[in-house]
Amino acid sequence: MSLISVKSLTRVFDVSKPWLNRVIERRPKALLTAVSEVDFEVAERSTYALVGESGSGKSTIGRMLVGLLKPTSGNVEINGVDLASESDAAKIDLIRSDIQMIFQDPFASLNPRWRVRDIIVEPVVARGGDATGLAEKLLEQVGLSALDAGKFPHEFSGGQRQRICIARALSSEPKLIVCDEPTSALDVSVQAQVLNLMSDLKDNFGLTYVLISHDLTVVQHMADRIGVLYLGRLVEEASPEDLFADTKHPYTKMLLEAAPRMDGFGREAELPEGEIPDPINPPSGCAFHPRCPIARDICKAERPVMRPLGNTRVACHLAE
Amino acid sequence: MTDMPIKDAPQKVVEQSRLRVFLDSDVFYMFKKSPVAVISTIIFASLVLSALFAPLIAPTNPFDPASLNLMNGFTGPMTPNAFTGESFFLGTDDQGRDVFSTILYGMRVSLFVGVAAVLLAMVIGITLGLISGYVGGWTETIIMRTADVQLTFPSILVAMLIFGVAKGITPVEYRDQMAIWVLILAIGLSDWVQFARVVRGATMVEKRKEYVEAARLIGRTPYAIMLRHILPNVLSPVLVIATISLALAIIAEATLSFLGVGAPATQPSLGTLIRIGQGFLFSGEWWILLFPAVTLLTLALSVNLLGDWLRDALNPRLR
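These protein sequence lines are chains Z and H, in that order. Counting in the working numbering, the first sequence runs from 1 upward without gaps. Counting in the working numbering, the second sequence runs from 1 upward without gaps.
Wrong hints could be hidden among the right ones.
[Unchecked claim] Label-pair ranges, simulated between beta-carbon atoms:
#1 H/237 with Z/132: 49 to 59 Å
#2 H/30 with Z/17: 26 to 36 Å
#3 H/148 with Z/280: 57 to 67 Å
#4 H/237 with Z/152: 46 to 56 Å
#5 Z/143 with H/52: 28 to 38 Å
#6 H/119 with Z/152: 43 to 53 Å
#7 H/18 with Z/94: 30 to 40 Å
#8 H/18 with Z/157: 45 to 55 Å
[To be verified] PhoX-like cross-link-like pairs, simulated, lysine-lysine; straight-line CA separation at most 25 Å:
#9 Z/175 with Z/7
#10 Z/175 with Z/91
#11 Z/151 with Z/175
#12 Z/17 with H/209
#13 Z/151 with Z/91
#14 Z/91 with Z/7
#15 Z/91 with Z/137
#16 Z/137 with Z/70
#17 Z/91 with Z/17
#18 Z/70 with H/33
#19 Z/202 with Z/253
#20 Z/7 with H/209
#21 H/32 with Z/17
#22 Z/70 with H/167
#23 Z/17 with Z/7
#24 Z/151 with H/167
#25 Z/29 with Z/70
#26 Z/70 with Z/151
Quick caveat, the hints were computed from the structure, so don't treat them as lab data. Idealized CB from N, CA, C, for every residue including glycine.
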């Protein structure tokens, strides 16, 4: 059974200038479509990875999953509950304790004025729960010492802080943890430790992860299913094996070509051509067609829909 | 049972007391290294203490009419009076009140009004700043434009306006009693803008940080987030402004009292004393003006220097 089901999720940001400037300069409203018609499902106890370049909308999706942002249209259902439209406060409260998030920047995600103990148990205390000894237990589970509970965040390194973030995420015994680039601010050696810890905890606690990343090697090892985003649209979704061995979408091919490889010294890397287009003014039809090496006329005219192709789902007119 | 103390013991070592943390902090270290800060703290502290314990220190109670002798009027400092032979440390004023005692009592009023006005300004400014920074939108526009409009008037003018209006609506028989409170209200209301601006700016920085998002996603209310998460992180600039504002509030109170719209003659502040003294300056009784003025100067200067030092000490870029 799927824990998360995302249906035609769309988020539009109003990035217009202030009202007075618009009136004086006679400019229309500027709307930025960060996420456009994204569909996917995440099975319970699996890891779903969202990859894409910066500006592809992966963080926006993550923030909509946990309810920090409201979708413009479409919906996110977690265990059958839609946080944005649910009116039953008890149900919202229950589902909130099932969802947690690990953030990118471990230096900004811990309140510098709080002791580690208070930070970790906040999700429990905020709901009126009893948290005696919980912080100490969780700290040991994430590989820190129980004595660290009385310290302040500035006494820890980046990797240790990320462990504290993980402990906080675990304290309300969630089912789902959305990880927004959890390792991109860490040293490579520490990245591996944190990722290993995350995999261990997933088995021990029966967690479901949504892993947001731009690092294909991280994703390849962690994910059960990978969704590739381009300009707020899901272009390909497959298991890691299929995605890396039998790539369907030309954008995914380009991404994999551009990724650094250990065996790739001296190889002629085919660099991605062009920049990601302006999301305020997206290209017609398939968003990728201006950069696509195999684009035809139909790509400019019609937006491709996600269609199943073997075990893969792909949004491309020409993929086969 | 024997295990318990051993298990608990290291816990206590890790969690240092607040005092210990403060004594080990960079700020305290820098304080010890700065002679200006130490000296101005000593001066400020001794002024505050002497104001607090004025009834114990002052030789006479200048506001007890029974203890006054009109014959003692206009006695010069350290010189015996021509009629009564009594001698006063800093001389007496026209009604024979001991200037040293009036200064001590006047400083009480000045400090009380200053501190209370700054506290009022702080409460208003922090509340409005937090709300406008966190909520944004129209709420922010209304609050901050009001602040901008208020800033275009000199704050002493705003204070006089508020003072005048408030005095107008208090019944005549309560006016003298209420004067101090009205003064606090006037200075507090004319001074909240800086607090609101600084807190709003800091709040806008803090609210984008991920720890605030972490609190939002577990369903914490905006009220709890503002109070428990953001407020502790925006307080250090507030502390600096509060110190500098204290000096300004004391001066503003003195100015209002000097203009005759502040503390009444029955409850004189340093400003009132200066106003009384300036009437005798050209007839040769300089001490009635000079000593309260010097006290006001010392008080304001020590607070100001302390504030300047604090601003530098809390600014990591100046280290």
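Here is how each hint holds up against the structure:
no., hint, result
1, H/237 with Z/132: 49 to 59 Å, "36 Å, violated"
2, H/30 with Z/17: 26 to 36 Å, "44 Å, violated"
3, H/148 with Z/280: 57 to 67 Å, "32 Å, violated"
4, H/237 with Z/152: 46 to 56 Å, "20 Å, violated"
5, Z/143 with H/52: 28 to 38 Å, "54 Å, violated"
6, H/119 with Z/152: 43 to 53 Å, "28 Å, violated"
7, H/18 with Z/94: 30 to 40 Å, "38 Å, holds"
8, H/18 with Z/157: 45 to 55 Å, "25 Å, violated"
9, Z/175 with Z/7, "20 Å, holds"
10, Z/175 with Z/91, "15 Å, holds"
11, Z/151 with Z/175, "28 Å, violated"
12, Z/17 with H/209, "24 Å, holds"
13, Z/151 with Z/91, "35 Å, violated"
14, Z/91 with Z/7, "20 Å, holds"
15, Z/91 with Z/137, "28 Å, violated"
16, Z/137 with Z/70, "34 Å, violated"
17, Z/91 with Z/17, "38 Å, violated"
18, Z/70 with H/33, "52 Å, violated"
19, Z/202 with Z/253, "30 Å, violated"
20, Z/7 with H/209, "29 Å, violated"
21, H/32 with Z/17, "50 Å, violated"
22, Z/70 with H/167, "51 Å, violated"
23, Z/17 with Z/7, "31 Å, violated"
24, Z/151 with H/167, "53 Å, violated"
25, Z/29 with Z/70, "20 Å, holds"
26, Z/70 with Z/151, "35 Å, violated"
Violated hints, in rising order: 1, 2, 3, 4, 5, 6, 8, 11, 13, 15, 16, 17, 18, 19, 20, 21, 22, 23, 24 and 26; the structure is consistent with all others.
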